[in-house]
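J.: When you get a sec, could you build the whole thing from the sequences and use the hints?
For the sequence shown, our numbering gives the first residue as 2, with consecutive numbering after it.
Keep in mind that the hints were calculated from the coordinates and are not lab data. In this text, all values refer to a predicted model and were calculated from it rather than measured experimentally. Worth double-checking, as some hints may not be accurate.
Derived SDA-like pairs: lysine to any residue, alpha-carbon spacing no greater than 25 Å straight-line [as the list claims (entries may be wrong)]:
#1 K124 / A112
#2 K124 / D99
#3 K184 / G55
#4 K86 / Y63
#5 K29 / A60
#6 K35 / D99
#7 K35 / I21
#8 K86 / H185
#9 K178 / L222
#10 K137 / L101
#11 K184 / T121
#12 K35 / R58
#13 K29 / T62
#14 K124 / K137
#15 K184 / L130
#16 K36 / S187
#17 K35 / Y63
#18 K184 / I161
#19 K137 / K178
#20 K49 / L115
#21 K86 / L130
#22 K86 / K22
#23 K35 / Y110
#24 K49 / T121
#25 K178 / R200
#26 K124 / I52
#27 K184 / K137
#28 K124 / K22
#29 K184 / G8
#30 K22 / G8
Between beta-carbon pairs, the in silico distance windows are [unchecked claim]:
#31 K49 / N23: 16 to 24 Å
#32 P88 / E226: 37 to 45 Å
#33 V104 / D37: 15 to 23 Å
#34 N23 / P169: 32 to 40 Å
#35 V168 / Q26: 42 to 50 Å
#36 L74 / L12: 44 to 52 Å
#37 Q186 / F87: 24 to 32 Å
Here a beta-carbon is modelled for each residue, glycine too, at the ideal position from N, C-alpha and C.
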Amino acid sequence: FMHFINGFNQLFDHNKDEVIKNKYQEIKHFLDNKKDGDVDTRDVLTIKGLIRRGEARTASTYNQIPLDHVHFLDLPFYESGKVEKFPMTEQDVEIVRDLLRQVQPHQIYVAGDLADPHGTHRKCTDAVLAAIDLEKQAGASWLDDCRIWMYRGAWAEWEIENIEMCVPMSPEELRAKRNAILKHQSQMESAPFLGNDERLFWQRAEDRNRATAELYDRLGLACYEA
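T.: Written out as structure tokens, the structure reads:
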């Protein structure tokens with residue numbers, strides 16, 4: 002990503018932008034000399050965030066989701082610069098609560114993979130549930146027409162007896178899901194938290210979705226691709 006920015010500067014600004022040149026050298030030096038356990042600098046954290054935002058926007062555009070429906074919360078607990086994130090605080094909860102009040106969703110999907118290796122899923126889920134509790138206490142009327150769903154996927158699948166809603170998919174829809182996952186390029190082969198499962202995230206998603214469809218088929222329900 003930094004090579005691209007520096008190359009863009011060289012190509013279109015004839016390498017005149019000193020800020021980009023200096024930042025490129027500064028960040029490259031840090032990354033070249035970074036050791037295990039070193040905390041990322043603010044610049045590195047910002048660039049990582051830009052990369053993930055770009056991937057999320059690309060996946061959303063591919064799925065025909067308007068970009069004004071995409072929100073980035075920058076929750077403080079995530080900004081530790083290390084594998085282990087900060088504890089969730091009231092500030093995280095209030096940021097989530099503000100978004101919920103703004104959007105007033107009819108459905109909320111939170112991660113059910115609470116044993117993920119880096120703990121981020123649990124913290125995000127806890128922040129959402131805490132924000133919802135505060136809205137309940139405040140008597141928020143939008144909650145009367147809102148359902149909360151917990152999903153799983155990357156680390157484990159729900160047991161068949163615990164599934165309350167399942168969305169059948171055609172081969173074309175499963176392919177579209179795979180392509181959307183592949184838009185998150187930084188989370189592919191070189192992702193730092195693949196866990197004990199050697200399959201890539203898109204492979205896990207397809208295998209688990211197909212396995213769930215096969216279970217429903219064996220139970221006598223309609224047969225779908227996934």
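J.: Are the Cα positions of K124 and D99 separated by 25 Å at most?
T.: holds (17 Å)
J.: Does the Cβ distance between N23 and P169 fall inside 32 to 40 Å?
T.: About 54 Å separates the Cβ atoms of N23 and P169, which means 32 to 40 Å is violated.
J.: Compare the distance between the alpha carbons of K86 and Y63 with 25 Å, and conclude whether the hinted pair is satisfied.
T.: violated (30 Å)
J.: Hey, K35 versus Y110, does the alpha-carbon distance stay inside 25 Å?
T.: violated (36 Å)
J.: Against the 25 Å threshold, does the CA-CA distance of K22 and G8 hold or violate the hint?
T.: With a Cα-Cα distance of about 10 Å, the restraint between K22 and G8 holds, given a limit of 25 Å.
J.: Run the distance test for K124 versus I52: straight-line Cα separation, threshold 25 Å.
T.: With a Cα-Cα distance of about 22 Å, the restraint between K124 and I52 holds, given a limit of 25 Å.
J.: Hint check: K29 vs A60, CA-CA at most 25 Å. Holds or violated?
T.: violated (28 Å)
J.: Would you check the hint for K184 and K137, treating anything up to 25 Å between C-alpha atoms as holding?
T.: Violated: K184 and K137 sit about 36 Å apart, past 25 Å.
J.: What's the verdict on K35 and D99, does the C-alpha distance respect the 25 Å limit or exceed it?
T.: violated (37 Å)
J.: Given the range 16 to 24 Å, decide if the beta-carbon distance of K49 to N23 lies inside it.
T.: holds (19 Å)
J.: Would the hint linking K124 and K22 be met if the CA-CA limit is 25 Å?
T.: violated (37 Å)
J.: Would the hint linking K178 and R200 be met if the CA-CA limit is 25 Å?
T.: Distance ~16 Å between K178 and R200 Cα, so the pair holds.
When held up to the earlier numbered hints, the structure conflicts with 4, 5, 6, 12, 13, 15, 17, 18, 19, 22, 23, 27, 28, 33, 34, 36 and fits the remainder.
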